[in-house]
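2 protein chains.
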Amino acid sequence: MAENHNTLRLKHLGIDTYKEAVIYMRKDCHICRSEGFEAQARVLVSLNNRHILATLNIFENTLLAPNEATLSNYAWDLLQAQPGDIIQLSHPQPLLSLSYMRAKVYGNTLNKDEISNIITDITQGYYSDIEVAAFLAACTGKGLNPAEIIDLTQAMVEAGTRLHWNAAVVVDKHCVGGLPGNRTSLIVVPIVTAFGLMMPKTSSRAITSPAGTADTMEVLAPVNLDVASMRKVVAQENGCIIWGGAVSLSPTDDILIRIENALDIDSEGQLVASVLSKKIAAGSTHVIIDIPIGKTAKVRDQAAAEQLKNQLITVGKKLGINICTLFTDGSQPIGNGIGPALEAHDVLAVLQNKTNAPADLKERALLIASEVLEFSQQIKPGTGRQLAEQLLASGKAWQKFQAICEAQGGMRTPPKATFTHIVTAKQAGKITAINNRRLAKIAKLAGAPQAKAAGVELLIKADVVVEKQQPLFTIHAETRGELAYALSYIEQGNHIFVMEPS
Amino acid sequence: MAENHNTLRLKHLGIDTYKEAVIYMRKDCHICRSEGFEAQARVLVSLNNRHILATLNIFENTLLAPNEATLSNYAWDLLQAQPGDIIQLSHPQPLLSLSYMRAKVYGNTLNKDEISNIITDITQGYYSDIEVAAFLAACTGKGLNPAEIIDLTQAMVEAGTRLHWNAAVVVDKHCVGGLPGNRTSLIVVPIVTAFGLMMPKTSSRAITSPAGTADTMEVLAPVNLDVASMRKVVAQENGCIIWGGAVSLSPTDDILIRIENALDIDSEGQLVASVLSKKIAAGSTHVIIDIPIGKTAKVRDQAAAEQLKNQLITVGKKLGINICTLFTDGSQPIGNGIGPALEAHDVLAVLQNKTNAPADLKERALLIASEVLEFSQQIKPGTGRQLAEQLLASGKAWQKFQAICEAQGGMRTPPKATFTHIVTAKQAGKITAINNRRLAKIAKLAGAPQAKAAGVELLIKADVVVEKQQPLFTIHAETRGELAYALSYIEQGNHIFVMEPS
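Top to bottom, those sequences are chains A and B.
Mapping of the first sequence onto the numbering used here: residues 1 to 502, in sequence order.
Mapping of the second sequence onto the numbering used here: residues 1 to 502, in sequence order.
Only chain A is shown next, with the shape it has when bound in the complex (with noise of 0.2 Å):
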């Protein structure tokens, strides 16, 4: 094929399509002639020995002169172009992967190989959104069997980084989510480190959340770190807290969260395999998995808790990971605070021992870092309890804590919000229960987690009774305009609290 009939300049116009690769191109190119391309047809894009699939958006011919295209910051990103660069333009050749993804949407079953094909291709960024799509949709429910889902797993540690550590135990946690405030591992790392465990803590940023644990960290320390400024850390201090997209730690799971939220669908094959692949390809050995149960948490009911666990011993086991999952009350938030500032408040408070330091914080906190730290073979068991009361009260914690802020770049101040707002009690009554959801969405109405300082701090829980007019919480946000968007979110009627009339 004469090659060199086929190239157009790339022209830069910044479109932000999220994870999706797209290419535009102009009406009358004559590579679409050519080519018998239109509107969503999957092109090959290459540049300097890098290849995408793009999905081919038609511009009318204002926007680029003849021989120009452009394309989403995502294939900018991954075919690391420059303004100018000249990208070469074909039919792909079909995606041999892709044979196996509708394998699994006819009902098959997928051998290691398959597998491992079509999570290489998808973070190659080979797959366009309806493939991930289809792919998701075909393994959710009974899709997947219980060597699928290890075969997933493990085919997701191999996409991406995989680090080793220079110690026999090497601890985490996870939450498996769905609890706004719900920042333990800011309070978890720093007692087990200061223990002299290894905990190096990768952790993510929000996708539906007001904030993620690294939303949270990085409004205290830098959390944007590679992984040879990872490794410094740890050496120093046994553990960190950063950002995980920056060291590449099972990066389909990115890919894959994304459509499963965009579909609000949870498979929970998809869900084993994601949290698990994070945490081995992290080099950890001994994980706690906490699994809040609540109306409007992730995991709704005692039997669906029951099944995620058995699921996630039993692939951790035959990854060799040691799995130990704890069942928590999810029915609402841990912590007053909600949004990146208001969380790192709390965090605070409950690492310098104040007296009015969220309780449940502080006790979710312990009870988590007593399970992580009994992975210690010098600890007896029956004694992790004590022992991180101990770390915490003595504040070797909230030293420990100032330690990996300072050697991860140095502690920050929390910003605080200029604009305000005190919601309160239409009719006294009992609170009986908190809208985890809808509590995150007024959050994010406010701003959070772009404007740090923004969110909803609690002033009240489940199982309290309140008098009329007496303030429930707080809405915090950084400009008038978002503050007015969280109120007119609950004028609509979205209720936040179920209250028994007293």
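Hints were generated in silico from the structure; no laboratory data involved.
Treat the hints with care, as some may be off.
A pair counts as met if it fits within one copy or between any two copies, since identical chains are not told apart.
[To be verified] Here are the simulated SDA-like cross-link-like pairs (lysine to any residue), alpha carbons at most 25 Å apart as the crow flies:
1. Lys19 - His30
2. Lys298 - Pro94
3. Lys380 - Gly320
4. Lys142 - Ser99
5. Lys232 - Gly196
6. Lys27 - Arg258
7. Lys27 - Arg205
8. Lys232 - Trp398
9. Lys396 - Glu374
10. Lys295 - Asn108
11. Lys142 - Tyr106
12. Lys142 - Asp266
13. Lys11 - Glu38
14. Lys309 - Ser331
15. Lys27 - Arg300
16. Lys142 - Ala359
Position chain B against the provided structure of chain A, taking the given hints into account.
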């Protein structure tokens, strides 16, 4: 909510995303911040009491002024928007039908109302592409039981126009597809309507093939008729051959087929619903369905054909439409031409009883016409064939075809290509099979169906012994570049013929 804070002015940029509604907003847009919208969010866009759900893409600030947004062409059409219009933006309420979609993904059975809800929302453009993809993936394989296929078919009929005709017997034919050049409809309709049966034929344009029946008919007469014009033609001539898209029969089908094609998934349940919903919506009472069987056709073996036949007949009976199936040879193209004008030449040669008319196209058309004619109660069983031959040989079918073309707006002369190239045999041997898919690909690379005169003209068929250097087929193209693309595909080693050396 202060609604006037949530408005933007529409700028026209002309972005073709095919059938996905996309809204493009500035990175610093106040609505994105206040509503917490990020790239890929689903946004409710409203204008003059029309509402659509669109996927958000973010532009850097150079393409849009503050307070401006733009839409994909599909979204402009759905909203019937004009540049300068002020649109309202907000968070959409969760779609109820998405919970049914998820139930199907989790493997549950859906009832009639749930399926109807999903189809209504998809038809209104409320589903994103990945949501449609997840639904289709969940319906594939054993995804739909017989009752669900019936409900799906019914829902797809109800989502669009439904035609009713003043006749007890309204006939139609359909080919399950995958065979290039198979333009029997253009011969069957005039034979059957010349006899006096009513056959108001609506057909599709090419989606992934080098020509749809509507594309081929369009080189001979206008096909873009609305319902009123269609009724006039049918009242006068007993039949027509028009494009179904303009009369909005089973409009959901276009959306589903687009995603099925992109995923290369052929769900049997979807195929049955697709075919039957179009026929029922068109008001047909008796339909012949041609199922070509061949290794490179859509239906690859006898068992698959039998299963499809049973589904079609069962669902048809339940929905009050009489279905007969024909299994035919799908091992090679029917007729010599592939591409709109080349296929039209074949059709004209058959209708005009030319001696060089392709015998296989004539035979296939007579076979189908015989079966269709026997739907008439005025015909004794077994006499359809003789009648069909008479109607064709006597020139009555040719007269009727011309009359239909005139009634549709005037008969046209098919164009001829400027550039042709004859591909010859590299060695002597016997042709044992022809790859339908690769041949279709060459015709598309040469420019079909957009370039009406482009395509492939077969000079030999299977089971023929050829000499070295003997001409095999001619490529027709309207531009030199397209001819070169078609040739380079062959040079890359994509063999069209399976040959047995002699």
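Here is what the structure says about each hint:
In this homomeric assembly, Lys19 and His30 come within 25 Å of each other (Cα to Cα) only across copies, at 23 Å, whereas the closest approach inside a single copy is 28 Å. Taking the shortest alpha-carbon separations for Lys298 and Pro94, only the inter-copy value of 18 Å comes in at or below 25 Å, while the best intra-copy value is 37 Å. When the C-alpha separation of Lys380 and Gly320 is checked against a cutoff of 25 Å, the pair qualifies only within one copy, where the shortest distance is 23 Å, while the shortest distance between copies is 76 Å. For the identical chains of this complex, Lys142 and Ser99 are neighbours both inside a copy (20 Å) and across copies (18 Å), given an alpha-carbon limit of 25 Å.
Taking the closest pair of Cα atoms, Lys232 and Gly196 come within 25 Å of each other only inside a single copy of the chain (16 Å); across copies the shortest separation is 88 Å, beyond that limit. Within a single copy, Lys27 and Arg258 get their C-alpha atoms only as close as 30 Å, which misses the 25 Å cut-off; across copies the closest is 20 Å, which meets it. Taking the closest pair of Cα atoms, Lys27 and Arg205 come within 25 Å of each other only across two copies (20 Å); inside a single copy the shortest separation is 38 Å, beyond that limit. Taking identical chains as interchangeable, the C-alpha atoms of Lys232 and Trp398 lie at most 25 Å apart only when both belong to the same chain, with a minimum of 20 Å there against 85 Å between chains.
Taking the shortest alpha-carbon separations for Lys396 and Glu374, only the intra-copy value of 18 Å comes in at or below 25 Å, while the best inter-copy value is 93 Å. Only between protomers do Lys295 and Asn108 lie at most 25 Å apart by alpha-carbon distance; the minimum there is 21 Å, versus 34 Å within a single protomer. In this assembly of identical chains, the alpha carbons of Lys142 and Tyr106 lie at most 25 Å apart whether taken from the same copy (13 Å) or from different copies (7 Å). In this assembly of identical chains, the alpha carbons of Lys142 and Asp266 lie at most 25 Å apart whether taken from the same copy (12 Å) or from different copies (21 Å).
In the homo-oligomer, the alpha carbons of Lys11 and Glu38 lie at most 25 Å apart both inside one protomer (20 Å) and across protomers (24 Å), since each shortest distance falls under that limit. When the C-alpha separation of Lys309 and Ser331 is checked against a cutoff of 25 Å, the pair qualifies only within one copy, where the shortest distance is 19 Å, while the shortest distance between copies is 53 Å. Taking the shortest alpha-carbon separations for Lys27 and Arg300, neither the intra-copy value of 50 Å nor the inter-copy value of 37 Å comes in at or below 25 Å. Taking the shortest alpha-carbon separations for Lys142 and Ala359, neither the intra-copy value of 40 Å nor the inter-copy value of 51 Å comes in at or below 25 Å.
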